[in-house]
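Novice: Since chain B is already given, all that's left is putting chain H on it; use the hints.
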Amino acid sequence: MANANEYGDQDPHDYNGDWFIAPMVFETLVKYGQGGRLEPGLATSWQVAADGLTIDFELRTGVKFHDDTPFDAQAAKWNLDRWVGKESHSWLAASKIIKAVEVPGPMKLRLRLERAYDPLLQELTFTRPPGFMSPKAVDASGKFTKAIGTGPWRLEQITTTAASLVRNDGYWGAKPKIDRVEFSVRKDSQTRVSALRAGEVDMLGGSYLAPISPTEAATLGKDERVTVLHGDPDITVMLGFNLNGVAGDKAIREAVRYALDRETLTKVLYAGQAKAATTLFAPGIPDAGAPQSLPFDPDQARRILDAAGWRQDGKGRVKDGKQLVLSLRIPSTAAVGWQDSRLSAQAVASALAEVGITVNIVAVDEATFYDDLHAGKYDLAFMETYGAPYDPSGFVVGFLTGDRKDPGLWKTDEVERLVNGALYARDAATRAKNYQEAWAVLNREAAFVPIAYRPRVWAVGPAVKGFQVPHTEYDFDLSTVTLQR
Amino acid sequence: MNGLLVRWTRWSARLAAELALVLGITSLLAFGLIALAPGDAATRLAQQRAGHPGVTEDQVASARRELGMEGSVPERYVRWLGHAVQGDLGKSARTGRPVLTELAERVPVTLSLAGLTAVVALPLGLLVGALAAMLPWRPARRGLRLTGLLAVSLPTFWVSYLLVVVLAEQLGLLPTSADGGPAGYVMPLVVLALPAVGLLSRVVAVSLREALAQPYVRAAQARGATTVSIVVRDALPNVAGAVLNTIGLIVGGMLTGALVVETVFAHNGIGDYFVQAVNFRDLMAIQACVLCFALAFTATNRLADRLHGRIDPRVSGG
Chain B
1 MANANEYGDQ DPHDYNGDWF IAPMVFETLV KYGQGGRLEP GLATSWQVAA DGLTIDFELR
61 TGVKFHDDTP FDAQAAKWNL DRWVGKESHS WLAASKIIKA VEVPGPMKLR LRLERAYDPL
121 LQELTFTRPP GFMSPKAVDA SGKFTKAIGT GPWRLEQITT TAASLVRNDG YWGAKPKIDR
181 VEFSVRKDSQ TRVSALRAGE VDMLGGSYLA PISPTEAATL GKDERVTVLH GDPDITVMLG
241 FNLNGVAGDK AIREAVRYAL DRETLTKVLY AGQAKAATTL FAPGIPDAGA PQSLPFDPDQ
301 ARRILDAAGW RQDGKGRVKD GKQLVLSLRI PSTAAVGWQD SRLSAQAVAS ALAEVGITVN
361 IVAVDEATFY DDLHAGKYDL AFMETYGAPY DPSGFVVGFL TGDRKDPGLW KTDEVERLVN
421 GALYARDAAT RAKNYQEAWA VLNREAAFVP IAYRPRVWAV GPAVKGFQVP HTEYDFDLST
481 VTLQR
Chain H
1001 MNGLLVRWTR WSARLAAELA LVLGITSLLA FGLIALAPGD AATRLAQQRA GHPGVTEDQV
1061 ASARRELGME GSVPERYVRW LGHAVQGDLG KSARTGRPVL TELAERVPVT LSLAGLTAVV
1121 ALPLGLLVGA LAAMLPWRPA RRGLRLTGLL AVSLPTFWVS YLLVVVLAEQ LGLLPTSADG
1181 GPAGYVMPLV VLALPAVGLL SRVVAVSLRE ALAQPYVRAA QARGATTVSI VVRDALPNVA
1241 GAVLNTIGLI VGGMLTGALV VETVFAHNGI GDYFVQAVNF RDLMAIQACV LCFALAFTAT
1301 NRLADRLHGR IDPRVSGG
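In order, the protein sequence lines correspond to chains B and H.
Under the working numbering, the letters of the first sequence match residues 1 to 485, in that order.
Under the working numbering, the letters of the second sequence match residues 1001 to 1318, in that order.
Rather than coming from a laboratory, the hints here were simulated on the basis of the structure.
Be aware that a few hints might be false.
[To be verified] Label-pair distances were calculated between CB atoms; the ranges are:
#1 Asp169(B) <-> Gly1087(H): 44 to 54 Å
#2 Asp365(B) <-> Gly1071(H): 16 to 26 Å
#3 Tyr208(B) <-> Gly1068(H): 40 to 50 Å
#4 Glu1070(H) <-> Asp81(B): 24 to 34 Å
[As the list claims (entries may be wrong)] Calculated from the model, a selection of chain B residues having no Cβ within reach of chain H, i.e. all distances over 10 Å:
#5 Arg37
#6 Gly52
#7 Pro106
#8 Met107
#9 Arg128
#10 Tyr171
#11 Ser194
#12 Ala195
#13 Glu254
#14 Arg311
#15 Lys319
#16 Ala347
#17 Ala367
Model, not experiment: these values are computed from the prediction.
Each residue gets a CB set at the ideal place from its N, CA and C atoms; glycine is no exception.
In isolation and in its complexed conformation, chain B is listed as follows (with noise of 0.2 Å):
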């Protein structure tokens, strides 16, 4: 396998290492399944009170770590103790709401919680934090020493750039078939793309394991030595609007709405390797609702202009003396789901020009944009959703609620009210009503533009058989492979 970044700490409670090797070695009391449905992991089963404010698990019993300390509620204590209440994980709602951390049995853990909160289980489903590690892997001082697992791989050796995974041959769960994995860095993706065909490494893939750009993945699907696999998408590319800025403008939304011809747009920046999106969420997301109509009718898009005073003047349109300008901000490098931004910003405004929304591209480097984005600094911006296994819950709240300063994707008070009820909802129901109501209310703003469901890619070469792709793309499971040389 080559991999994209560098290895470093494997503390499951820390976040300095890559995030791939940690859940082929932790694993968690429950794990994200197909379409974000949830099953027993450490944990056999589990019980939310009536009332939310408590959460019993069963733990699974006859499991070891890797150095033959069993899991038991006491080491499951010990590891949550170590991260909850901690400044630094406090972007997950579990390390606020969790209050206590009770043993009533050697095998049962008891969670008390400060407010009900039902999406908690799905936050404990990540690697990081909520795996769990070997008490034994720390020193006297509780600083980590070793990355001891229980989960179906154990790790071998790590340098910053290369790593060896054995398999553990006492796993509870469907052990791996095969017996070795190696892991090297390359930060360059043409040279993992290079390596792959020249059969130097058997797999590539994952949004952050080894990225394959929708480009590459067209090139490699005509190499015949190379199978290339796609999973159901889980992240959403949109158009997002700053509600603060002349985007608040209800018609220039609509008509950008109107005026993107979303379909071709995909299939020429994703190189045919992506859908184009209708929802907020991509289809295999929880509660992610059902599909907008979205028409490209730029006749449409210059009524509706028209109809809201922004006459048209020479290519421009023009209201009270103002000039209809939208500063499109991008990051000058590919970022993360967006094959290429300038390329995308450029087909986006030739398609505003054509119904006279003049946009002024504004392409500043990574970090600086995720600033500007925060400090509201754009009229028009590309966004994605977190993807599994963070959503819904995970975007909602940073995007549809808080602090108005930071325009997200679109903070009102009635959806902001709305997306609490379904956070906060005590049942299933509760919580899919008042997602829908709150998806309704976007799109009767046309509060943002779906534009493409992010593709999730993964190659493989001639040797590597019985690969499925991971239900998210922080997921590596490697148990159905099997290697003919």
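Specialist: Same frame as chain B, but now just chain H:
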């Protein structure tokens, strides 16, 4: 003997003072520029934790506290300087490890790459340059000079990709990366050596032509000395100055070349470290890299001057 010792001590002291000045100025400039640049390590760290770019002000503020990034820029610089003079270069925001430990792993990688390149490029550059100046057939001299020019002008990243696609992917002759063993050094070596050989051969060719046109060479020819002995005995010492002066440029070229080459060919040297540090706005790591670069640059240039002084007494006064 005593006089030599005094001279040597004086030279070392002056070098040390000069280094301190250069390092002080470059570290101040780098610190200031990174502080002025939008985006910071705290945001990047918060994003790394969340696994996605959407982070709140609170999360960024907490990362900022952890990284010790509070206070005004001058305050932070003084704090950094205070630690740095005691040999503590801080921790990397990206990896959480001490910067010195990380540099200790990476500097040898770059040094070995640069050292190998020098071993190949210096003699080759001299040879090509000498041939370009002395070959009896004019089109051959022209051809060599043109090749030198081309070698300097080709963009490093382009040559890198070309080599990977042709030699590794299509012909399967060489591994794409460092983990392919010693053979993994061949392509980066070629990419780094090309501009060095090109530059050196141009300088040698031009200065050798000039030297060969000097009256004392004519005189030697008139005495019946062979071309080779003239070049070795009379012309080469005169060329040495020009060559030593280009070494500074070559070292600079290798440092920038290393940024590209180490990323493309997966050599985890200091160039690759620097690229990652800049993308992460990892101030401590950037500062340490800048110090290393400044040190390498200043030290090689001063050493070259010193050597030049030994060879050509006219420049040893300064």
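Novice: Confirm or reject each hint.
Specialist: Evaluation of the provided hints:
no., hint, result
1, Asp169(B) <-> Gly1087(H): 44 to 54 Å, "holds (47 Å)"
2, Asp365(B) <-> Gly1071(H): 16 to 26 Å, "holds (25 Å)"
3, Tyr208(B) <-> Gly1068(H): 40 to 50 Å, "violated (28 Å)"
4, Glu1070(H) <-> Asp81(B): 24 to 34 Å, "holds (28 Å)"
5, Arg37, "holds (21 Å)"
6, Gly52, "holds (24 Å)"
7, Pro106, "holds (33 Å)"
8, Met107, "holds (30 Å)"
9, Arg128, "violated (8 Å)"
10, Tyr171, "holds (26 Å)"
11, Ser194, "violated (4 Å)"
12, Ala195, "violated (5 Å)"
13, Glu254, "holds (26 Å)"
14, Arg311, "holds (37 Å)"
15, Lys319, "holds (32 Å)"
16, Ala347, "holds (22 Å)"
17, Ala367, "violated (2 Å)"
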